[in-house]
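A.B. asks: Heads up: the protein sequence lines correspond to chains A and B, in order. Residue 0 is where the first sequence starts when you use numbering that gives the first Met the number 0, and the numbers rise one by one after that. Residue 0 is where the second sequence starts when you use numbering that gives the first Met the number 0, and the numbers rise one by one after that.
No wet-lab data here; the hints were simulated from the structure. As the structure is a computational prediction, the values presented were derived from the model and not from experiment. The reader is advised that the hints may include incorrect statements.
Stated by the list, open to error - Derived DMTMM-like pairs: lysine to aspartate or glutamate, alpha-carbon spacing no greater than 25 Å straight-line:
1. B/Lys58 x B/Asp154
2. B/Lys114 x B/Glu57
3. B/Lys9 x B/Asp154
4. A/Lys7 x A/Asp43
5. B/Lys114 x B/Glu95
6. B/Lys114 x B/Glu48
7. B/Lys58 x A/Asp86
8. B/Lys114 x B/Glu92
9. B/Lys18 x B/Asp154
10. B/Lys114 x A/Asp49
11. B/Lys58 x A/Glu37
12. B/Lys58 x B/Asp43
13. B/Lys58 x B/Glu48
14. B/Lys58 x A/Asp125
15. B/Lys18 x A/Asp90
16. B/Lys9 x A/Asp49
17. A/Lys7 x A/Glu140
18. B/Lys114 x A/Glu140
19. B/Lys114 x A/Glu16
20. B/Lys9 x B/Asp22
21. B/Lys9 x A/Asp1
22. B/Lys114 x A/Asp29
23. B/Lys58 x A/Asp49
24. B/Lys58 x A/Asp126
25. B/Lys9 x A/Asp86
Said to hold, decoys possible - On the chain B side, residues computed to face chain A include the following (Cβ under 7 Å):
26. Val29
27. Gly31
28. Pro33
29. Glu48
30. Glu52
31. Pro54
32. Phe55
33. Lys58
34. Gly61
35. His69
36. Ala72
37. Ala74
38. Ala75
39. Val79
40. Asp93
Yeah, the Cβ is synthetic: ideal placement off N, Cα and C, and Gly gets one too.
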Amino acid sequence: MDRSEEAKLRVARQFIEAIPHARALGMQLDRLHDGVAEISMPYDLRLVGDPRTGVIHGGAVSALMDTCCGAAVMSHPEAPAGTATIDLRIDYMRAATPGQRITARAACYHVTRTVAFVRATAHDEDDARPVASATGAFTIERPHEGAKP
Amino acid sequence: MTPPPTNSRKRPEPVQVVKSRRDAALRALVSGVPYIQFLGIRFDRRGDELTAELPFDEKLIGNPLLPALHGGATAAFLEVTAIIELSWTLLWEDMEAGRIDPASLDPLHLPRLPKTIDFTVDYLRSGLPRDAYARARVNRSGRRYASVHVEAWQDNRARLVAQGTGHFLMPPVGLVPGRDD
């Protein structure tokens with residue numbers, strides 16, 4: 000990673016980590032480049048969905064996936080001014096292992112003038128077996144075209 | 000002419016007894032899940048109908064400039080509402096048939112929760128920094144799979160903020176609450 004890439008990542012990291020809900024879940028931006036994002040969050044007892052097993056609630060995994068997909072859209076070379084989720088589908092393949100960090104990886108694989116299409120997966124510390132996968136459509140907000148420079 | 004009441008028909012229980020039993024069952028279902036407490040979600044019960052409530056909190060914000068609720072918080076709210084509604088319908092049947100005594104339920108001795116297979120969220124409007132509400136409907140509940148639809152709104156019931164559909168794997172039937180197998 001060269002210096003300007005590092006600077007970009009630092010700015011993006013501050014941006015993501017300043018989102019109150021992302022901060023509440025302890026999200027951390029690990030990688031961001033050309034429509035690909037990686038965000039992780041630590042295991043946290045407050046996010047448990049089943050007290051008997053200690054497994055993190057699917058909703059928290061959804062929040063991580065949504066944030067990561069949004070970050071992937073924002074980092075796309077088309078450089079949208081903003082984005083919002085249109086729809087997001089999450090498939091839960093297995094329970095995340097209690098105690099382990101969860102990492103989401105999202106790729107914005109296609110954009111039109113108005114819509115971005117994103118795929119993502121989430122893993123715990125076992126990288127070979129995904130915990131969940133997601134597909135979503137996001138809006139592309141263009142900078143105000145009529146606006147004066 | 001109506002026949003005289005027979006001995007086989009039991010006298011209805013006092014309303015307060017029924018209510019407190021149902022409220023205890025709902026409390027046991029909801030209070031034991033840390034993530035529901037973390038988000039601050041509460042459930043309001045009218046008979047068997049549940050309405051979930053997500054009181055606004057700063058930590059639910061996803062876009063501080065607008066400001067708007069985080070899409071992930073909205074998704075989580077819908078998913079929690081869907082799972083609790085589905086669990087509640089299962090618990091309700093067992094409770095009303097007398098197969099489960101809600102007094103024996105605590106967070107660690109609950110019937111198993113359904114597991115989410117997949118969940119799709121449609122974002123219809125940006126979530127405002129206010130309280131949100133949601134209601135779920137179990138459209139199909141089979142022995143192994145269930146399909147649940149859920150809608151969330153804020154100020155106006157007709158103007159949905161988001162809707163979701165999820166598929167769930169049903170817990171195995173006939174498990175004694177608390178038994179770990």
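A.B. asks: Tell me the numbers of any earlier hints that the structure contravenes, in ascending order.
C.D. replies: 2, 3, 4, 9, 13, 14, 15, 16, 18, 19, 21, 22, 24, 25, 26, 29, 30, 31, 32 and 40
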